[in-house]
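All chains, please: the whole structure from these sequences, using the hints.
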Amino acid sequence: MRAAILMTAVCALLVATPAQAVAIRPDTIALPNGFQPEGIAIGSRHAAYFGSRATGDIYRADLRTGEGRVISKGPGTASLGIKVDRRGRLFVAGGLGGDARVVDSRTGAVLKSFTLATAPSLVNDVFLAWDAAWFTDSTNPVLYKVPADLRGEVTRLPLTGAIRYGTGINANGITTTPDRRSLLIVQSNTGKLFKVNADTGATTEVDLGGESVANGDGLLLEGRTLYVVQNRLNAIAVVRLTADGSKGRVIKRITDPRFDIPATVARDGDRLYLPNARFSTPPTPDTTYSAVAVRP
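Once you know that position 144 of the sequence shown is 144 in this note's numbering, the rest is easy, because the numbers rise by one and skip nothing.
Calculated directly from the structure, the hints in this document are not laboratory data.
As the structure is a computational prediction, the values presented were derived from the model and not from experiment.
Where is the CB? At the ideal position from N, CA and C, for every residue including glycine.
No false leads were mixed into what you were given.
Below 25 Å or equal to it, Euclidean Cα-Cα: the simulated BS3-like pairs (lysine-lysine) are:
hint	residue 1	residue 2
1	Lys192	Lys247
2	Lys252	Lys192
3	Lys145	Lys192
4	Lys112	Lys73
5	Lys145	Lys112
If you anchor each label on the Cβ, the simulated ranges turn out as follows:
hint	residue 1	residue 2	range
6	Arg240	Gly76	39 to 49 Å
7	Gly76	Thr155	20 to 30 Å
8	Thr281	Thr200	40 to 50 Å
9	Thr28	Pro282	20 to 30 Å
10	Arg151	Thr287	36 to 46 Å
11	Thr204	Gly34	38 to 48 Å
12	Arg240	Thr287	30 to 40 Å
13	Gly210	Arg45	34 to 44 Å
14	Ser113	Arg249	32 to 42 Å
15	Arg164	Phe279	21 to 31 Å
16	Pro282	Pro75	20 to 30 Å
17	Thr118	Arg258	38 to 48 Å
If you want it as structure tokens, here you go:
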């Protein structure tokens with residue numbers, strides 16, 4: 001009888017442990033002082049990667065514990081948008097540096113660097129397709145295509161059609177349409193979404209029924225649901241898209257008192273994680289930064 005009771009207690013503990021582990025997972029991840037985060041990517045084993053717009057350093061955090069460290073020293077220019085592929089390679093947008101880097105997420109080694117632009121530019125965000133990484137430029141109406149095998153040449157795709165570049169941050173976050181036949185980009189300064197033909201660069205505006213996603217930054221697509229981070233509005237617009245991405249409807253906005261100008265978003269389990277870029281806070285070496293978790 002005692003053995004049976006003991007076995008029952010052990011089984012109950014084993015069943016309870018995963019739920020308890022989820023319960024104690026931190027909702028706020030502290031990042032290094034002065035780090036100035038912008039991009040986030042989440043890979044295997046609950047590892048989150050953050051890029052510094054101050055130095056280009058890459059910081060890896062364990063979302064289960066909140067602990068982390070810098071795994072790759074930057075080149076002294078920014079690391080903005082960041083994505084991780086199934087091989088554990090981080091594709092990093094280089095901001096004003098006009099470049100892209102590919103970093104080994106395990107060792108922090110730079111596998112390859114690409115010069116995307118030599119004129120003034122702002123290489124801002126990245127999307128990983130099956131055959132390539134696509135980068136936006138917030139200064140110049142062009143997308144950059146870096147081959148996934150890292151062996152070919154960079155392709156420049158001029159943007160034509162509906163999009164019009166103006167003062168401020170133009171094309172920013174990038175992803176695919178739900179049917180995966182076109183690309184989607186958000187234009188921060190106009191609050192518009194655009195479909196992009198990945199072969200020709202022709203753009204058409206996504207019909208949002210009169211809604212705006214002003215200050216749109218990072219994008220996350222899940223099925224036909226698009227999460228648009230509206231950085232300075234401290235909100236995430238949740239957009240329900242048609243399969244081809246030609247139309248969308250803002251069904252709600254997610255806000256949280258811990259938001260301090262979040263820039264980008266990635267999912268781990270039942271949570272969305274967003275780094276607080278704190279664009280309106282003058283940066284110093286002692287300025288605190290964090291990423292926060294919310295449930296969609």
